[in-house]
Amino acid sequence: MRNDTRLSRMLHVLIHMDRHEERATSETIARMLETNPVVVRRTMGLLRDKGYVTSDKGHNGGWSLARPLAEITLLDIHEALGSQSIFSIGLATDNPTCLVEQAVNQALGQAFDEAQALLLKRLASISVASLAEDFDARYRALEVPCNKH
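At position 140 of the sequence shown the residue is numbered 140 (UniProt numbering), and the sequence of numbers has no breaks.
Think of the hints as simulated: they come from the structure by calculation, not from any bench. Every residue, glycine too, gets a C-beta built ideally from N, C-alpha and C. Take the hints with a grain of salt, since some may be wrong.
Said to hold, decoys possible - For each label pair, taking beta carbons as the anchor points, the in silico distance ranges come out as:
hint, residue 1, residue 2, range
1, 57, 98, 50 to 60 Å
2, 139, 94, 49 to 59 Å
3, 92, 139, 45 to 55 Å
4, 5, 133, 17 to 27 Å
5, 54, 103, 22 to 32 Å
6, 38, 113, 30 to 40 Å
7, 82, 118, 33 to 43 Å
8, 5, 67, 14 to 24 Å
9, 114, 5, 16 to 26 Å
10, 8, 49, 13 to 23 Å
11, 32, 57, 38 to 48 Å
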């Protein structure tokens, strides 16, 4: 099963957008993420719908930030992307009348709920700006600047 990397990829894109003066085209973002511009437009559209980015069509068009990164949390982006389940582990539901399955699902379900609540609380406490600041510190610490991103 593939991991859903949309959250980390969109956070990456937002930080790049903050660091560059010009609008980012879907094609430019797609090259950076090694994906298709249609996928970029669909995903960025989710962020636009929540007011985190804007888009302009035509010459000099593209995507730009609608808010400062300090006003956007990791939870905001997670929720804008559709709040997929944090965990790929699921409960068995083949035999709902089985007492063993009920006991297992009760224990696992409670553990998953507690873990997810903790993670979502943590995501809400981290701004995208703090990630950008971490990047800036790492970049300054390099002896040779990173050219890929």
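A quick look at each hint next to the structure:
| no. | hint | in the structure |
| --- | --- | --- |
| 1 | 57 x 98: 50 to 60 Å | 56 Å, holds |
| 2 | 139 x 94: 49 to 59 Å | 51 Å, holds |
| 3 | 92 x 139: 45 to 55 Å | 46 Å, holds |
| 4 | 5 x 133: 17 to 27 Å | 22 Å, holds |
| 5 | 54 x 103: 22 to 32 Å | 51 Å, violated |
| 6 | 38 x 113: 30 to 40 Å | 35 Å, holds |
| 7 | 82 x 118: 33 to 43 Å | 21 Å, violated |
| 8 | 5 x 67: 14 to 24 Å | 23 Å, holds |
| 9 | 114 x 5: 16 to 26 Å | 25 Å, holds |
| 10 | 8 x 49: 13 to 23 Å | 20 Å, holds |
| 11 | 32 x 57: 38 to 48 Å | 20 Å, violated |
Of the numbered hints given earlier, the model fails hints 5, 7, 11; all others are met.
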